[in-house]
Each structure stands twice: as structure tokens, then as C-alpha cells.
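Trainee: Each chain, written out:
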Amino acid sequence: MDIFALTIEQALEGYRAKKFTAVDVVKTCLENVRKYNKEYNVLLTVRDEDELIKEAKSVDYSKPLAGIPVVLKDLFSTNLLRTTGGAKIIDTYVPRYDATVVRKLKESGAIIIGKANEDAWGHGSSGENSDFGPTRNAYNKNHVAGGSSSGSGVAVALGMCLFGTGTDTGGSIRMPAAYNNLVGLKPTYGRVSRYGILAMASSLDTIGHVTKTVGDNALVLSITAGKDPLDATTDTQPVARASFKRSDLKGLKIGVSPEYLAIGKQATPGMDEKLEAVTETALKELEKLGATIVTVNLPNTQPALATYYVLVPSEISSNLGRYDGVRFGHTRETFGGEAKRRMMIGTYALSSGYYDAYYKTGQKVRTLVRTDFTKAFESVDAIFAPVSPYPAPKIGDFSQDPLAVYLSDIYTVPINLAGVAALGLPAGFIGDLPVGIQLIGPQWSEERLYEIGFAYEQETQWYKRKPNIEGSHPSEAHGYI
Amino acid sequence: MDTFKPIIGLEVHVELATASKMFCGCPADHFGKEPNTQTCPVCLGLPGALPVPNKKAVEWTIMLGLALGCTVNEESKFDRKHYFYPDLPKGYQISQYDQPLCIDGKLGDIRIQRVHLEEDTGKLQHAVGVSLVDFNRSGVPLVEVVTEPDFRSIEEVDVYVKKLQQIIRYLGISGADMEKGTMRIEPSISLSTDGKIPNYRVELKNVNSFRFVRKALEYEIARQQREGHIQQTRGWSEDKNATVVQREKEEAHDYRYFPEPDIPPMRWSGRQISDIRSQIGELPDEKKERFMKKYGLSDYDATQLTETRQRAEFFEEVAKEGTPKAIANILINKKVTTKEELMKFLQNAPSISADELQETVERILKENPKAIEDYRNGKEQALMFLVGQALRQLKGKGDAQGISAIIRRLIV
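Quick note, the sequences are listed as chains A and B, same order.
Numbering of the first sequence is given in full-length UniProt numbering, commencing with residue 1 and proceeding in unit increments.
Numbering of the second sequence is given in full-length UniProt numbering, commencing with residue 1 and proceeding in unit increments.
Any given hint could turn out to be false.
[Claimed, not checked] Quick list of in silico lysine-lysine cross-link-like pairs, DSSO-like style, CA-CA up to 27 Å: (1) B:K77 with A:K364; (2) A:K63 with A:K106; (3) B:K180 with B:K196; (4) A:K466 with A:K19; (5) B:K56 with B:K180; (6) B:K196 with A:K227; (7) A:K364 with B:K215; (8) B:K77 with A:K227; (9) B:K81 with A:K360; (10) A:K340 with B:K55; (11) B:K55 with A:K227; (12) A:K360 with B:K196.
[To be verified] Computed Cβ-Cβ distance ranges for the label pairs, DEER-style: (13) B:A127 with A:A240: 20 to 30 Å; (14) B:D275 with A:P229: 47 to 57 Å; (15) B:G195 with A:P229: 46 to 56 Å; (16) A:R327 with B:A127: 40 to 50 Å; (17) B:K33 with A:G325: 20 to 30 Å.
[Said to hold, decoys possible] Here are some of the chain A residues that sit facing chain B, going by a computed Cβ distance under 8 Å: (18) S77; (19) L80; (20) R82; (21) A99; (22) I197; (23) A199; (24) P229; (25) D235; (26) E315; (27) T347; (28) S352; (29) Y358; (30) T361.
Since the hints were made in silico from the structure, they are not lab data.
Just so it is clear, the structure is predicted and the values come from calculations on it, not from any experiment.
Note that beta-carbon positions come from the ideal geometry of N, C-alpha and C, so glycine has one too.
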């Protein structure tokens, strides 16, 4: 069993065929935690080893995720297991209840190895905003892991688990997936319950996961998705497990938006030419599989980014109000810089006299962005786009320039504003750094995205390239733990 | 000083008597419960917890709005109202801002601006050197009924709040009890010299009984004449028997309202609204009119018997045990609440001949010409005086209602 190559589906098959047991898999994962966690700063809390082995020994193999090790982004409330949200202000907070998704995963037999590092509260796309230090990229430890679900991505790539959960408010699952050669789902808003997951921007937060393959990803969604009586924004839409019979994409129309590439270049002058080439190749692969490539217009892409950075901080300023140190956690000066920045911006945008100019205008633009996608999906089945304008930057390169980091979210945030679904897929490498693409679909189109993704994955097989862990060395320049 | 006219508006908060809280499954009845025994992640505002609105609370709010003649907003939503206080665990209260459930109603001559739904806060308890929070009340459904500044006297306020309380109790949606805090009144008062609405107002907090409402308003009318017209928030202090300043205008809150993203907006069809309307049943005024017509009762008797829905229902249940008038008399004068008690009174009813009654009343009238004149001049107390005199002469054998009817017939 090679844990770096092992998929969930293969593990379940291995259990069925009695080739190995959950204990073997959990032990291997724990070994990787011991080997790499300190260096890569992946997990903030690791569960007790004996307890984990005991749990693995008593697995009920009839369950759908029986004995499958998982790490949870630290925004997921876990009963009696520390939950920090990547923020030091609550580094001693131990919830007394499980998030709905955590409960579902437990009930389906998954084994929680620990809680993953992340940009504090989900604020960031590189993983560098964690109050506990940045997570390192699994493919090159001098580079960022991508965030905010940084630890969840790297833990999968480094064999500490077989899948990781994340949240995606503006790209936080797709980014670490793209930077670590993984499949990451940003589901339709309302597809997966948010109950028990520390809120960032409630009207955009979506709950997804990163896996090695499309098949694994679809399997996990079939467990986590569905109406939750504890989350009034979840929907009753049924979740079908993708059938993956499709080996070609004949008859499908895939849209490409000229605005995306043009604005990407404009917003980030350093838009990587090599990345552009990888993206072009990926598009050609889709065409080769039989898809028709069509131009679609998403005219409100540029205002979408600005709107995102008005609406999201507004909701953040509201959601972080409860961390006052009165009942748990530390006092408010313990908040990190990025959280403070967003709370200040959001408080300003919601203040009387400014509300109309900022928040209300933002809501109007949001409607326009939504309409962009609705119109586009009248003529195409899915939209193709890069995830990030460049491959994973070096740790520290952007951390002094928050605006530059915000601008790199240009391809991901419009999807969250629209509330539609997107699937991030591995699409190649630039040197040793992975590059991802995303397929965007209308609301509730996850099944379709998985089928397209599966055909593409079978053709390209990027997921087979594993990190060259021994080959990279940490930079001394930044002095991280 | 008589040229000053008080301009008063009211905000009334009512805790709904639903089984569970507004946004979670915890019991809503918190009165007298051990602190922090009725809580969960939602009403404690724990990280990640989400609100799911209580359908019954929403329907009851609409029902109250309809009973107050309001229009139900076809589209309504919840909003977050932000302020920092230790009894508010999320840092915001889920309330309604620009699209309340109900608008534009009327109770008597008082226009009702809005009826909206929100959640109650926890309760602070201060002891020496320590302040404690009890979250049992956190998240209990709270309806707010806001009037226009239509009151011109304290008497009008009194009539309105009692009527509102009666309607709420009729609907069975709350005990509306000032002492238990399930009904809370926040008056705003200013003084006008020209009858127009002045450009300032004083909000009064912590007035937790009908008596304090009256006292606080009386105090304010005098104080504002004395000290001038300044926008303030003041609280009633029972110890000082006065209102004391809590907040000046400059310290006004900026609540940073925005739509609650955790709860989808609500839409109401005409059918849903008429379904809720059909659950309202007969309200006190309608019931009173019907009692007068159907049972031939006086305005006074009908008002007494319809004071509570329970009493009215009891009356209707037992009305056929005798003449409705006689039954009404026993219910009102003897405060009878069970059928057994009533039957006892009916069996041992003091008998008195109609002639004896007539003679006694005529004698009393002859002896009290001044009272008759007073009554004719509109003094209702004079009638009560005459009834009292007659009752004394009859040594309790007569009934006040019958006597007052005879007096009225004789002297009009």
C-alpha cells in the first residue's frame, strides 16, 4: 500500500479484499504526521494515537467511509476536540458539539486524524495568514500551500489522511487543491450544511473537501451533502453519486470567458505565461475529448472582486463580534492583523451613512454577477477557468502586500458571489509546482462537473504525480517554525 | 404651562409563549428556571451555530399583526442588529429592520407602525463584585409592537396597553405579564407647544409595570417643562421615584443592520395569510358586542364578562343555566369561575320581590336628589353611590346590575 497514491476508493477495495486494514492505513498516516507535520506545519491538533488505533480496530466495514482517515479544517467544530479556526484568540476553545458534516463523517465510519492549519478564520488564499504560521506546499516547501484550507490540502498530498475537509468562501478549497495537485470541490451554496462550522461570510461560505481523485470527491459529497434541519439555507436537492461512465465529452459545451484571462493579466501583471500555457493545454485536452469550446461573457468579473471585498468583510465584522473573550478565548487584541483589517473594513461598510454606498451597492453588483453566470449557463454546460493567475508563490513574497493577494482571487470569488458550483482539477506542473484549473457549473450541477472532471482526469492522469518530498529544502530566509 | 401637549409613542415587547425558542429547540419558558439550564450552541451563540426560525412564532406574530389591523408584508426578512453587551452572545440580535412582518395597523385611534419579530437577550445578574449571565432567556421569541406618536395623554396610553394586553391574551400567544417581564413597555415622550411633533424625544427604559409607566410619564411631563427639550434615553428609577438619564443623543448606537444571511427571506401568499387570519377567533370588542346582542347584557356586564377569553367562554358554557342576565350577575359579583360554584349560588340565590326592589330604589332616589343631578351631569360615580345605598338597605339581597338598571330607567 502506497499511501501517497492510495485513493479512498482503493482503500475501501483493499479493506473488502482484506489486503490491508484500517489500522494499517491509520498507522501509515500517523507515521507521515510524525515525519512531516513539524516541517510543513499541517495539523494544529492531532488526536491521541492509541485512541485512533483503537477506533481503527473497531471499524464497522459496512459503512460507506469505514476506516477512511480524514483531517478537518480547524473551522469545523468537533465535540471535545480543540477547534481554533487557525486563530490564537480561541486557541484553547474546545467545542461541546459536532458540526453536522463532522457528525455525518463520523457516522459513515471516517476516522478523524486531527485538525488542519488554515488562514485564521479562512481569511486568505495562501495559508500565510494562520496565527500558527504558514503551511508549506507539499510539492515545494519554500512555496505557499494555498489557502485558506491549507493544511487540509497538504495533509492529503503528504499522506496524513485520504481526504481533507475545507470551506470555500472565495477560493479556499480550490486554491490549496490547485497548489497541491488535488481535486477540490466548491459545492453549490446550500448543498452542504454549514451548521457547526465557524462562519466567515455566511452568505458565501460553502463546505467542501479535497481528494486525490474525482471519484473520491464525489463519494465524500454523497455523504456530506443534503438538507440539514439545523441550517435554514440548505436545500432538499437530491445528491446523485456520479456514474462516471463518460469517457468522452461529446455534445458538451464548455465556455471560456475572455474577461477572465484579460482581467487576470490586468489585475496581476505578473500573470504567469507558463501558467497560461498549461491552461491552454488543458482546454485543448477538453476539446480533444469532444467538448465544444464556446466563448461566454462574464462582464462583471472585475467589479465582482471589489464587491467581494466589501460584502465579505461586512459579514466578517458581524460574525467575529462574538469573539470577545467574555465566555471563552482570549481578549480581542489577540486577533491577527488580517482579521482586524477585515473587521475594520466591514464595520465601515455597514456604518450608517456608508451602508448605501458600500454594502447595498455591493448587493446590487452581486445580483449582476449572478445574472452573468445564469446567462452564460443558458448556452454552455460548464465554464472553464484557471484557479490562480500564477502557481504557488514563495512564502513571504506577497504577505506584505494584502492587496496583491486579494487580486489573485479574481478567478475564484465571482463563483462564490453567484453561489454556483466549481470543481478544481489538477492540470499539470510548472517545474515542481502544480497548476490547477476549475470547471464552473450552475447550481446543483456537481454531478455534471464530476463527469466532465472524471473524463479529463482519465485522459490526463495528473493525480499520479506525487510530491518529491526528499528533494526540496526549506528556505532559511523566512524563519518559520 | 397648560399650553404643553404631551406627544407619546410606544414600543411594546412581548415574549411569545411558544414551546421552543425563536431559533433553536430549547424550551422558551424560562421563568424561574435554574440559570443556564435551557441553552444550546445556538442560543449561546457558540462558534458555528446557526439559527433556524420557529414557524409558530412567525405565524403568531402575523396573527397579532392581523388582529391589530396590520398589512402583512408579502416579503419579509430578518436582519442583524449589532451592539456589544454581555447578555448578547453573538454580538448581534436577530431582529427585523426594513421589512417587518406586519405594518400599518390601528388599535382604537392609535396607529400602529409595525409589528416585528426578534429574539430576546440573556439576563444579567449583578452581585457584589461579580456580574453573571443567565442565557435561559437568550433567543426567546420577542414581538415588538411600535405605535406612531399618537398618544396625547397618559390615559390614552393606559387604555392602549391594557387593550393590547387583552388582545394578546385572547390570541393565547403570550401571558403578556409585566411582572414576569413577558410584556415590556418603552414609551417615548416629548412636549409640543403647537400640537406638531417636536424634533426631539425622550425614550424611557426599565418601566416594568403599568404603574411605573404612568409615573414615569407624569414625571417626564413635569421634568421636560422644567428642564427643556433634549433628546435622551432615560430609565425609570424606582428608588428615586424619578427618571434618570442613561444616554445622550451623541451616544446614539449605530446598529449596522444588514440582512441576516443565515435565514432565507420569507414570502407570504394570500392563502397563507388568510389561513392565519382564520385562527384569530373572536376578539374582545366583537365578543362584547355579540354578548350585548345575543344575551341582552348591558355594556358594563358584557365588558366584564369578555375581559378574558376564559371568562367569556365560561359564561357561554353556563349561560343557559338561568336567565343570561342573572348568570352574568353571579359571575361578575361573586367572581364565580366553576359550574359547581355557580349552581350553588343559583340554588341559594337570595330572593327578593320585584316590588320590594322597586320600592327601595325609589326611596333611595328620593333621599338623594344631589346624586341624581350629579349623574345627569355625567358623573358616573354618582350612580355607583346610589347603587351602594340601595344594596345596603337590601342587606345584600339585591344585585348591583339589576339595581343600576332600575335607577337608570327611573332617572333618565
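Trainee: It remains to establish, for every hint, whether it holds in the given structure.
Mentor: Hint by hint, here is what the structure shows:
Using a Cα cut-off of 27 Å, the hinted pair K77 of chain B and K364 of chain A holds, with the two alpha carbons roughly 17 Å apart. Between K63 of chain A and K106 of chain A the CA atoms are separated by roughly 10 Å; this keeps the pair inside 27 Å, and the hint holds. A threshold of 27 Å between alpha carbons decides the hint, and for K180 of chain B with K196 of chain B the separation of about 36 Å lies outside it, so the pair is violated. For the proposed pair K466 of chain A and K19 of chain A, the alpha carbon gap of about 23 Å is at most 27 Å, so the pair holds.
For the suggested pair K56 of chain B and K180 of chain B, the alpha carbons sit about 22 Å apart, so the restraint of at most 27 Å is met. For the suggested pair K196 of chain B and K227 of chain A, the alpha carbons sit about 54 Å apart, so the restraint of at most 27 Å is broken. Restraint check for K364 of chain A and K215 of chain B: not satisfied, since their Cα atoms lie roughly 49 Å apart, outside the 27 Å limit. In summary, the hint linking K77 of chain B to K227 of chain A is supported, as the alpha carbons are separated by about 21 Å, within the 27 Å threshold.
Taking the CA atoms of K81 of chain B and K360 of chain A, the gap is about 16 Å. The hint holds against a cut of 27 Å. About 37 Å separates the Cα atoms of K340 of chain A and K55 of chain B, which puts this hinted pair outside 27 Å; it is violated. A threshold of 27 Å between alpha carbons decides the hint, and for K55 of chain B with K227 of chain A the separation of about 17 Å falls inside it, so the pair holds. Pair hint K360 of chain A plus K196 of chain B does not hold up; C-alpha atoms about 34 Å apart against a cutoff of 27 Å.
For A127 of chain B paired with A240 of chain A, a C-beta distance near 59 Å fails the hint of 20 to 30 Å. Roughly 23 Å separates the CB atoms of D275 of chain B and P229 of chain A, a value that falls outside the hinted 47 to 57 Å. A hinted range of 46 to 56 Å for the beta carbons of G195 of chain B and P229 of chain A is consistent with their spacing of about 54 Å. Separated by about 18 Å at the C-beta atoms, R327 of chain A and A127 of chain B break the suggested range of 40 to 50 Å.
The supplied range of 20 to 30 Å is met by K33 of chain B and G325 of chain A, whose beta-carbon atoms lie about 27 Å from each other. Restraint check, S77 of chain A versus chain B: the minimum CB separation of about 5 Å is within 8 Å; hint holds. Using the Cβ-Cβ criterion of 8 Å, the hint placing L80 of chain A at the interface with chain B is not satisfied: the shortest such distance is roughly 14 Å. With 8 Å as the threshold, the beta carbon of R82 of chain A stays out of range of chain B, its nearest partner Cβ sitting at about 12 Å, so the hint is violated.
A least Cβ separation of about 6 Å between A99 of chain A and chain B falls short of the 8 Å threshold, and the interface hint therefore holds. At its closest, the beta carbon of I197 of chain A sits 5 Å from a beta carbon of chain B; the interface hint therefore holds under the 8 Å criterion. With a cut of 8 Å, the hint placing A199 of chain A at the interface with chain B holds, because the nearest CB-to-CB distance is about 7 Å. This hint holds: P229 of chain A has a C-beta 7 Å from the nearest C-beta of chain B, less than the 8 Å allowed.
The closest approach between the C-beta of D235 of chain A and any C-beta of chain B is roughly 10 Å, which is over the 8 Å cut-off, so the hint fails. Interface hint at E315 of chain A: satisfied, since its Cβ lies 6 Å from the closest Cβ of chain B, which is below the 8 Å cut-off. Hint status for T347 of chain A: holds, given a least beta-carbon distance of 7 Å to chain B, under 8 Å. Against a cut-off of 8 Å between C-beta atoms, the interface hint on S352 of chain A holds, since the closest Cβ of chain B lies about 5 Å away.
Evaluation of the Y358 of chain A hint against chain B yields a violated restraint, the C-beta minimum of about 11 Å exceeding 8 Å. The interface hint given for T361 of chain A is violated, since its Cβ lies 13 Å from the closest Cβ of chain B, which is over the 8 Å cut-off.
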